[in-house]
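Enquirer: So you can see what is in the structure, the chains are spelled out below.
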Amino acid sequence: MTPALLARLQEAQAAKRPVALLTRLPDGEQRLWPEDDLPAPLAEAADAALRDDEAGAVVLDGEKWFVHPHNPPVRLIVVGAVHVAQALVPMAVLLGLAVTVVDPRRAFATPDRFPGVSLSFDWPDEALAALAPDARSAVVTLTHDPKLDDPALDVALRSPCFYIGALGSRRTHAKRVARLQELGHGDGAIARIRAPVGLDIAAVTAPEIALSVLAEVVAARRGAALARRAGAAAPVTEAV
Amino acid sequence: MSDEDVLATAAAWAAEGETVALATVVDTWGSSPRPAGSRLAVTASGRMAGSVSGGCIEGAVAEAARRTMETGAPQLLDYGISDERAWEVGLACGGKLQVFLERLA
Chain A
1 MTPALLARLQ EAQAAKRPVA LLTRLPDGEQ RLWPEDDLPA PLAEAADAAL
51 RDDEAGAVVL DGEKWFVHPH NPPVRLIVVG AVHVAQALVP MAVLLGLAVT
101 VVDPRRAFAT PDRFPGVSLS FDWPDEALAA LAPDARSAVV TLTHDPKLDD
151 PALDVALRSP CFYIGALGSR RTHAKRVARL QELGHGDGAI ARIRAPVGLD
201 IAAVTAPEIA LSVLAEVVAA RRGAALARRA GAAAPVTEAV
Chain B
241 MSDEDVLATA AAWAAEGETV ALATVVDTWG SSPRPAGSRL AVTASGRMAG
291 SVSGGCIEGA VAEAARRTME TGAPQLLDYG ISDERAWEVG LACGGKLQVF
341 LERLA
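Just so you know, the sequences run in chain order A and B. For what it's worth, our numbering labels the leading residue of the first sequence as 1, then goes sequentially. For what it's worth, our numbering labels the leading residue of the second sequence as 241, then goes sequentially.
Hints are computed from structural coordinates only; laboratory data are not their basis. Cβ coordinates follow ideal geometry from the N, Cα and C atoms, glycine included. A few of these clues could be false.
Unchecked claim - Distance ranges between label pairs, derived from CB positions:
| # | chain 1 | residue 1 | chain 2 | residue 2 | range |
| --- | --- | --- | --- | --- | --- |
| 1 | A | Pro160 | B | Arg306 | 44 to 50 angstroms |
| 2 | A | Ala191 | B | Gly299 | 47 to 53 angstroms |
| 3 | B | Arg306 | A | Gly188 | 57 to 63 angstroms |
| 4 | A | Gly223 | B | Gly299 | 33 to 39 angstroms |
All chains, please: the whole structure from these sequences, using the hints.
Expert: In structure tokens, the structure reads:
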């Protein structure tokens, strides 16, 4: 790979632009899609690789090309700069997620407590509207406080994000469901919320709860059967 | 380390004046431990970042990378149980994979 091509690839990554690197095997001729021109079949293969987030080889006119998508990282929006978040955020960073912590309580959301990740001090509905969760985003609410969690869930439920989790007991969640219904959300939408949040590993401590939540986020992202809780009117979760 | 970090690390090493080779998994068969697109960066001085397997073939890939770093010629390498080097650098899992090696230059 030439230094110039590596620089272009890194520039795209820094700008969160999805690009695909195409390499002809075995001579190593390379193209960067969509910046460089490609014959239509290779362009289609590059678009498909980006859509499915899956690298693979294609053969065109007897030439084998390796198509390598470079999508921006999956985002995780954490509402509540609380104790569980302090365990969850570094673990999420290790998993390669791009994390934003949302909490208008500036005493909680400090760079000291959350080094190296984005912080938003806006009210959660405004923060989430600005962040605009897409199909490669996960949202988890951790504040326990309806006046912070509910506005975030309200926006998340109107977005195509692949995961919505809300900390709180079954009883807390039942009350939350009633409030979200008053905001106009139907049963199908509300069933998208994973609550109680996380895979059931009988987590007790903050890092254990963080582990269960992130395991569930991974399961949802990869389309694992674990992502569908037994007995719940589970939504169909698609891999992204 | 994510594969994005491997690229960043490789770029940083190159900026320091190191000769760097980049290995990428381009095809897999059976139960290969790392998917296509996984990367390993190695330098002529012996630094390594990332992975192309569960640790089974990294040494062999780094060894092969010397030639690519010297000549600049890319290589397409096959590793797996059916390979004649299997008992030496095969994959314990029984998978097969193909690795593309290129010099960063």
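Enquirer: For every hint, state whether the structure bears it out.
Expert: Hint-by-hint comparison with the structure:
Distance hint for A:Pro160 and B:Arg306: a CB-CB separation of about 48 angstroms, consistent with the stated range 44 to 50 angstroms. Between A:Ala191 and B:Gly299 the Cβ separation comes to about 50 angstroms, which falls inside the hinted range of 47 to 53 angstroms. Checked against the given bound of 57 to 63 angstroms, the beta carbons of B:Arg306 and A:Gly188, roughly 58 angstroms apart, stay inside it. Between A:Gly223 and B:Gly299 the CB atoms are about 34 angstroms apart, so this pair conforms to the stated range of 33 to 39 angstroms.
Comparing the model with each numbered hint stated earlier shows that all of them hold.
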